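Chemist: Make the full structure from the sequences, and use the hints.
Protein chains in written order, with the numbering used here: chain A, 3 to 441; chain B, 3 to 441.
Simulated from the structure, these hints should not be mistaken for lab results.
Computed from a predicted structure; not experimentally measured.
Don't take every hint at face value.
[Said to hold, decoys possible] Ranges of calculated distance between the beta carbons of each label pair, as one might list FRET restraints: (1) A/M163 - B/R118: 44 to 54 Å; (2) A/Q120 - B/D298: 32 to 42 Å; (3) A/R283 - B/D420: 30 to 40 Å; (4) B/R375 - A/T160: 38 to 48 Å.
Just so you know, even glycine gets a beta-carbon here, dropped at the ideal spot from N, CA and C.
There are 2 protein chains.
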Amino acid sequence: MTEFLSTAPYRGTRDFLPPEMSIRQQVFSLLYETVERFGFVRYDGPLLEAAEIYEAKSGEEIANQQLYTLTDRGERRLALRPEMTPSAARIVAGHLKELRLPVRWYSHPSCYRYERPQRGRVREHWQLNVDIFGSDRMECEIEIFEVIHAIMCAVGATPDMYVLRANDRVLTDGMLEHIVRVPADCAQAVATVIDRWEKRTPQQRQEEAHAAGLDDRAFEALAEALLAGDALLDELPEDVKQRSRLWPILQCDARELVTFDPLIVRGFEYYTSTVFEVFDRDPLNRRSLFGGGRYDNLVELFSRQQVPGIGFGMGDVTLVDFLQTHDLLPSARSEVDIVVIALDDHLQPVIRRLAAELRDAGHRTSIPLAARRLGKHLAHADDAGARVAVIVGADEHEQGTVVVRDLAAHEQRIVPTDALVDAANEILNQHPVRGTPAR
Amino acid sequence: MTEFLSTAPYRGTRDFLPPEMSIRQQVFSLLYETVERFGFVRYDGPLLEAAEIYEAKSGEEIANQQLYTLTDRGERRLALRPEMTPSAARIVAGHLKELRLPVRWYSHPSCYRYERPQRGRVREHWQLNVDIFGSDRMECEIEIFEVIHAIMCAVGATPDMYVLRANDRVLTDGMLEHIVRVPADCAQAVATVIDRWEKRTPQQRQEEAHAAGLDDRAFEALAEALLAGDALLDELPEDVKQRSRLWPILQCDARELVTFDPLIVRGFEYYTSTVFEVFDRDPLNRRSLFGGGRYDNLVELFSRQQVPGIGFGMGDVTLVDFLQTHDLLPSARSEVDIVVIALDDHLQPVIRRLAAELRDAGHRTSIPLAARRLGKHLAHADDAGARVAVIVGADEHEQGTVVVRDLAAHEQRIVPTDALVDAANEILNQHPVRGTPAR
Chain A
3 MTEFLSTAPY RGTRDFLPPE MSIRQQVFSL LYETVERFGF VRYDGPLLEA
53 AEIYEAKSGE EIANQQLYTL TDRGERRLAL RPEMTPSAAR IVAGHLKELR
103 LPVRWYSHPS CYRYERPQRG RVREHWQLNV DIFGSDRMEC EIEIFEVIHA
153 IMCAVGATPD MYVLRANDRV LTDGMLEHIV RVPADCAQAV ATVIDRWEKR
203 TPQQRQEEAH AAGLDDRAFE ALAEALLAGD ALLDELPEDV KQRSRLWPIL
253 QCDARELVTF DPLIVRGFEY YTSTVFEVFD RDPLNRRSLF GGGRYDNLVE
303 LFSRQQVPGI GFGMGDVTLV DFLQTHDLLP SARSEVDIVV IALDDHLQPV
353 IRRLAAELRD AGHRTSIPLA ARRLGKHLAH ADDAGARVAV IVGADEHEQG
403 TVVVRDLAAH EQRIVPTDAL VDAANEILNQ HPVRGTPAR
Chain B
3 MTEFLSTAPY RGTRDFLPPE MSIRQQVFSL LYETVERFGF VRYDGPLLEA
53 AEIYEAKSGE EIANQQLYTL TDRGERRLAL RPEMTPSAAR IVAGHLKELR
103 LPVRWYSHPS CYRYERPQRG RVREHWQLNV DIFGSDRMEC EIEIFEVIHA
153 IMCAVGATPD MYVLRANDRV LTDGMLEHIV RVPADCAQAV ATVIDRWEKR
203 TPQQRQEEAH AAGLDDRAFE ALAEALLAGD ALLDELPEDV KQRSRLWPIL
253 QCDARELVTF DPLIVRGFEY YTSTVFEVFD RDPLNRRSLF GGGRYDNLVE
303 LFSRQQVPGI GFGMGDVTLV DFLQTHDLLP SARSEVDIVV IALDDHLQPV
353 IRRLAAELRD AGHRTSIPLA ARRLGKHLAH ADDAGARVAV IVGADEHEQG
403 TVVVRDLAAH EQRIVPTDAL VDAANEILNQ HPVRGTPAR
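Modeler: See below:
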């Protein structure tokens with residue numbers, strides 16, 4: 003007996019059959035349209051990069067535990083990109099002379115991390131990257147926040163469904179120095195404690211704070227400060243606030259775009275100022291959807307020049323989960339608009355010619371590739387989401403006519419062959435594009 | 003002194019800056035629209051697959067020399083897909099119960115081969131895969147040929163620029179048996195000789211034919227048969243022709259879609275009947291652009307069931323080279339339609355509101371992220387391909403007006419703020435979308 007290979011995709015990766023792919027592409031298109039409306043332009047880079055560009059900057063967890071690496075026959079150590087920012091930094095650094103900064107760039111690469119698959123975490127995912135490179139003005143922050151709200155709106159989310167929480171690393175540092183009174187050399191460890199805060203029990207928080215070098219008094223001060231919200235800002239020295247990029251935003255009309263939240267810190271090694279994260283507001287599912295921040299030393303691995311940047315990365319899995327939870331997923335697009343059926347095999351050349359005419363008129367048109375009875379053909383056309391069936395029999399053909407059937411209305415009429423395109427247009431204009439039931 | 007990392011992409015891979023990406027995306031969109039118009043629906047699979055699915059079927063060269071492999075922490079031996087067909091076979095085999103065959107599927111994965119980079123050959127490329135799975139009728143062949151011509155037409159190619167050459171493995175086998183009179187056990191080696199024929203000198207052909215087991219008489223017969231074109235068909239026994247799929251096509255109205263050519267054989271391990279290849283007709287550049295064929299044992303690695311298939315894979319590099327040679331590449335799309343400029347920093351909230359209105363009206367609208375003089379802003383807007391500039395100064399704002407400038411006509415007028423969208427629409431409707439000069 004032959005042993006067959008498994009048909010399952012590699013663990014943590016996904017096959018996309020056409021109905022799932024259609025949904026994915028519709029969601030992706032909404033993202034692209036939205037960011038392009040702000041003037042962002044798309045770029046792309048290779049999947050394979052020198053492994054060291056991740057080992058230097060992406061943080062210990064990604065580089066040591068989650069990186070897929072390989073060595074090519076030229077002994078070059080390569081990695082499958084786990085994220086896009088290092089590639090973007092490399093590309094920007096390599097074209098500093100030609101680029102007129104600032105630039106608005108976006109990309110949508112597949113990214114690879116060796117993770118234990120679980121809800122929201124897979125090994126292959128698509129990540130929308132939206133960044134402004136080359137400006138440190140707070141207008142960049144405001145625009146990135148606007149883009150996020152525009153994306154959420156484009157996919158159908160309303161403000162009651164999510165919240166954009168923002169903080170600034172400068173404010174966090176000020177809080178640790180002036181309110182919690184932590185020695186500067188503990189600051190990074192404490193930031194890690196803050197980053198995990200919402201996933202921990204009160205007891206765990208205290209233990210981790212102690213491990214990071216905080217005594218009981220400092221822990222109390224920290225816990226209080228983290229929950230203070232806007233009131234924390236009143237306690238921070240003026241010069242700290244002035245140095246941050248978020249504080250002036252909180253003073254202007256853009257205030258309404260974000261909720262200030264000292265709990266947002268994100269990976270400390272990466273970001274230098276503004277940090278932000280979008281959360282699902284659903285009380286049963288209060289998950290982080292995506293986030294980003296400002297990194298003012300973006301290209302330092304590749305160039306002496308300083309290029310500030312701000313942006314975010316939005317993974318497809320978390321977004322699609324969110325859309326599913328809130329019943330916002332589009333349905334799969336129909337496969338075809340029109341099906342042209344020959345009642346006799348010798349009419350194949352005829353239906354090929356008619357199908358070509360309908361395609362030239364812009365309609366997705368197919369002809370059956372299997373011999374079936376007419377009823378089966380029509381059922382199949384209906385399943386594929388077709389709205390029109392064109393049926394050609396020997397008699398009709400001799401009389402220079404075809405049968406045009408409105409599949410939604412279950413009505414049909416005979417029309418002269420040269421009026422076929424008009425008749426099809428008429429039916430297609432009456433019915434909106436149909437979704438197909440899930441596979 | 004700090005040592006900087008290289009900004010060059012990994013050898014054989016490419017960075018796509020926005021202008022190049024825009025051209026690539028425009029070409030890709032034409033491909034998708036064309037195949038969707040025939041009723042093909044898109045699917046996708048993972049980059050990483052079990053290495054053995056390539057080792058079994060993709061041919062010795064790919065599996066042993068060109069495959070990028072890695073071993074994950076679970077000791078699974080994985081490969082970066084060098085081509086899509088084995089993934090498609092796995093996915094089809096895994097869903098045979100739900101799929102109503104035949105299906106028209108397409109995909110556009112990036113594929114990876116460890117090759118020495120040279121013109122037309124890179125290590126990372128995007129390959130359009132277009133296949134019909136589950137039917138062995140010759141209508142599939144005809145449709146695939148039609149799709150190829152439709153794609154070439156969509157990218158701007160005319161019939162004088164390319165030729166679709168086709169053959170059938172059954173006809174080749176018949177030719178070898180009945181005309182060249184080669185023992186059956188040499189057939190595969192001789193097919194390899196045929197595959198390389200056009201890349202070899204007459205002397206090399208003879209040497210390779212001898213090595214494959216042909217004597218001088220058989221070599222002469224082979225050389226004559228390969229150049230006979232349609233005349234070869236007259237010499238083949240009727241039963242051989244009847245068993246082939248190509249011969250009946252050559253007898254019907256679809257004849258005009260292809261040029262019969264016994265030189266086309268393609269990789270012998272893969273295809274079982276029809277094989278075809280598209281060539282540039284340019285006498286200075288008579289290269290193969292892409293090709294495909296019929297493989298009737300597609301899913302045999304994964305399932306007992308027989309699933310016939312036919313299709314082709316079209317790489318982006320060769321296609322873009324062809325378009326460039328024939329001056330058919332589109333120019334990069336403009337980055338933005340409208341730029342909204344504040345003459346005073348305190349008007350930032352005003353221009354953000356106006357920009358949002360223009361975006362809601364469907365226009366790609368940006369605001370400057372750097373402080374510059376108006377002249378610089380306008381020059382920058384022009385470079386980005388914008389057709390409208392909206393300029394807001396303190397005086398205009400007080401009077402409830404804005405300046406709307408037609409960047410192509412170099413004309414401007416003052417309009418009430420609430421008439422801005424209409425004024426912008428008017429200018430945008432007058433001018434077609436502009437390309438931008440290459441970076």
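Chemist: None of the hints should be skipped; say for each whether it holds.
Modeler: How the hints compare with the structure:
Hint check: A/M163 to B/R118, Cβ distance near 52 Å, so the stated range 44 to 54 Å holds. One distance hint, 32 to 42 Å for the beta-carbon pair A/Q120 and B/D298, holds here, with the actual separation near 41 Å. Taken as a hint, the range 30 to 40 Å holds for the pair A/R283 and B/D420, whose Cβ atoms sit roughly 34 Å apart. Taking the beta carbon of each, B/R375 and A/T160 are about 41 Å apart, inside 38 to 48 Å as hinted.
Comparing the model with each numbered hint stated earlier shows that all of them hold.
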